[in-house]
Each structure stands twice: as structure tokens, then as C-alpha cells.
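From the two separate chains plus the hints, produce the assembled complex.
Protein sequence lines, in the order shown, are assigned to chains A and B. All letters in the first sequence, in the order written, are residues 672 to 784 by this note's numbering. All letters in the second sequence, in the order written, are residues 10 to 122 by this note's numbering.
Just so you know, these hints were derived from the structure itself, not from any lab. Incorrect hints may have been included.
[What the hints assert, rightly or not] Computed, partial: chain B to chain A, Cβ under 7 angstroms:
#: 1; residue: Gly25
#: 2; residue: Ser27
#: 3; residue: Pro48
#: 4; residue: Gly60
#: 5; residue: Gly62
#: 6; residue: Val97
#: 7; residue: Phe99
#: 8; residue: Phe113
#: 9; residue: Ser115
#: 10; residue: Leu119
[As the list claims (entries may be wrong)] Below are the EDC-like pairs computed for lysine to aspartate or glutamate, each with C-alpha atoms no more than 20 angstroms apart in a straight line:
#: 11; chain 1: A; residue 1: Lys771; chain 2: B; residue 2: Glu88
#: 12; chain 1: A; residue 1: Lys779; chain 2: B; residue 2: Asp47
#: 13; chain 1: B; residue 1: Lys18; chain 2: A; residue 2: Glu713
#: 14; chain 1: B; residue 1: Lys80; chain 2: B; residue 2: Glu39
Remember, it's a predicted structure, so these values are computed and weren't measured experimentally. For glycine and all other residues, C-beta sits at the position ideal for the given N, C-alpha and C.
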Amino acid sequence: GNSVTQMEGPVTLSEEAFLTINCTYTATGYPSLFWYVQYPGEGLQLLLKATKADDKGSNKGFEATYRKETTSFHLEKGSVQVSDSAVYFCALPPSGGYQKVTFGIGTKLQVIP
Amino acid sequence: NAGVTQTPKFRVLKTGQSMTLLCAQDMNHEYMYWYRQDPGMGLRLIHYSVGEGTTAKGEVPDGYNVSRLKKQNFLLGLESAAPSQTSVYFCASSQSGTSYGYTFGSGTRLTVV
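Next up, chain B with everything else stripped away, as it sits in the complex (with noise of 0.2 angstroms):
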């Protein structure tokens, strides 16, 4: 079971740069959420989507966007990066009902210079 995959697991941009994240999950969930964890800062919802075609901002919305064209698919883009951006990148989804926990991704390290 793949449950939740991030590509790639590791990048490294140069300021002004753009990339997009790639999430994909097999469970059929309907929820997806984009997370960053920074030191001392705990994991912060960058955005989230609800289901196929749909997307939500979070906490700390600025300098991303995101698109779920498919169900089963969430991708997170930095137009432009910034060093700011620098932090661990967490994908996760759930099944609606507050009762389910969240499956998460391993996470991209991304590093902006």
C-alpha cells in the first residue's frame, strides 16, 4: 500500500525559481492538505482542498497556489521562490468525518538559496 507519495524528496532553488510539488494518494480520500514544518514553528496549513476541483487557503497561504484536478492528485507550486520558503514540505490527506486521522507523505526538503 503507497498510501501517501511526495516527489520529489529533496530540492534545492535558487531565489526567483518556481517548482511544483506533486502529491498523490491511493485511498480514495477526499480531503488533502499542504503542510510546512520549520523549527520551532510546528506544522502551519499552507492550503487544502475538499474534494476533486476545489481548494482552500490556510494559514500561511502567500507565495503558493495549488490545484487538485484529480482526486487522488494535490500539487503545491512556488511561482517565485523566496529563501523564506525554505522548510520541510508535508502532504497529507483524510476522509471526511473529524473522527479519521490523517495519512501522511514523507515530506520534500526543499531548500531556496
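This is chain A alone, in the form it adopts within the complex (with noise of 0.2 angstroms):
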């Protein structure tokens, strides 16, 4: 079945500190992939996704590339703000007939100022 591999964190940034936090994914086929942020007392939001392989999806500063040879699609930001500690969760969508998304296990960044 699909499982998504994602870093624990903690991490810990200073602000304008260059992010990347690795996600890896065993799946079949070639799913859509997908980044959720959730800050702090909310829900989860979409924060991107890429649809195919090569492909890059970007929001709020924050990247990812969807990259079929590593099957990975790691989150990357060049300069991260106070405002983006958050929890960040990598996952794939539901596959076959059981409706369920498979998320990573999230992982919490703290940037301090």
C-alpha cells in the first residue's frame, strides 16, 4: 500500500534561514503528491501540490518538485518568516477503493526571530 516517509522534527530555524524538509513516498503509479500546513489551533490547509512527475508546485514562497526517480517531493523555502511555524505534512491521496489520504507522520518548525 501507499506510505509516505517524512523527517521528524522538531526544527528549529532563525528567521530568513534557508528550509527543507524531505518527504519520500511508496506508491504505484505516479500519484498526485501534496504538502498540508497546519498552524497552530487550526486546521489543515492545501499549501501545494504537484499533479505529475517534473512537475513544481509553489505557494507562499514555499516549493516543491516531484521528482519519480528519488520518488520524493521535498518542501523548500528560501527565507523562512516567524508567521510559517507551523506543522507541515506531506501526503498522498486516497488509491483504490478504500477513500483514505495517507499522511505523513507531520513535521512541527519553530523560526525564531
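Here is the structure:
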């Protein structure tokens, strides 16, 4: 079945530092890939997605490239802000008849001024 | 745009009491989901629905029931609450198809004492 391996946090960075959160996946075929973000006290929000190999999803300064050769979808941002402090989830869409999105464990990011 | 609205936002129950959590979406989405989020456990799917009048079990359905009488609403019931059901509950909805992400509600924090 599908699986997502995401780096464990927490990750603590200074403001304006470069961010990478690793995500690798196991799946049949070439599914769409997603990153979600959860700010404190809120629900998850879709941050970005890529629907086919070599696609780059981007939003709010974050980027992730769908790499089928390494089955990876790493999240990057060139210069993080305090407001980026949140938990980030990598995810695979439902497959087969069981409508269950496969979420990674979540990586908590704390950005300090 | 309201998106996905969950009520209530907070609730404290005594063991053995019952309650219903309401989820409403205004995006005409076919699919709706109930998740619970617990520290160290990630997001776990409780029940889901692929259309009005349909429901199905997810990973952790025991102790919960659901109904989807109207397309826009998805209700989660706890018939006899237990302390193990203390959690944050999230509702989500999506269009059908695997390239669409989820839209999440802001969550219900439930404590069973």
C-alpha cells in the first residue's frame, strides 16, 4: 500500500534561514503529491501540490518538485519567517477503493526571530 | 467563502454521555471525512462518505457513528463517550478524483472526563 516517510521534527530555524523538509513516498504508479500546513489551533490547509512527475508546486514562497526517480517531494523555502511556524504534512491521495489519504507524521517548524 | 464549518469548537463530556459533531461544507463536494488527531499518532480516518446517503468505515471507526442525509452535512456521533475519545476532531471534504486536495474545518477539541 501507499506510504509516506517524512522527516521528524521539530525543526528550529532562525528567521531568513533556508528550509528543507524531506518527504519520500511509496505508491503504485505516479500519484499526485501534496503538502499541507497546520498553523497552531487550526485545521490543515492545502499548501501546494504536483500532479505529475517533474511538476513543481509552489505557494507562499514554498516549493516542492515531484521527483519520480527518487520518489521524493521535498518542501523548500528560501527565507523563512516567524509566521511560517507550523506543522507541515506530506500526503498521498486515496488509492483503490479505500478513500484514505496517506499523511506523513508531520514536521513541526519553529522559526525564531 | 465559509468552506468547511465545524460545530462546536470545544466540548467537555462526562464518560458515558453522548454528543454529535456537525460538519457543513458549501463547496458542493462529493466526499467528506472525519479524522481524529492525537499527539504522536498523526491523523487517523474515522469514517468517510463518497456521496449523500453513503457512509463507510475508516481506520478507527469503533465507538463512532456517522450520517450523511444531506450532501452538505456530515455528522459524527459518539453514543457513549470514553476518555480514549479525547482528541481533536477534523472534518474535511473534497471533490472526487485523486488530484484534488482536501479542505479541512478548523477542528473540534473534545475532552472526555
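Consistency of the hints with the structure:
no., hint, in the structure
1, Gly25, "violated (28 angstroms)"
2, Ser27, "violated (24 angstroms)"
3, Pro48, "violated (10 angstroms)"
4, Gly60, "violated (11 angstroms)"
5, Gly62, "violated (16 angstroms)"
6, Val97, "violated (9 angstroms)"
7, Phe99, "holds (5 angstroms)"
8, Phe113, "holds (4 angstroms)"
9, Ser115, "holds (5 angstroms)"
10, Leu119, "violated (15 angstroms)"
11, A:Lys771 x B:Glu88, "violated (24 angstroms)"
12, A:Lys779 x B:Asp47, "holds (14 angstroms)"
13, B:Lys18 x A:Glu713, "holds (11 angstroms)"
14, B:Lys80 x B:Glu39, "holds (7 angstroms)"
When the structure is compared with the earlier hints, violations turn up for hints 1, 2, 3, 4, 5, 6, 10, 11 and for no others.
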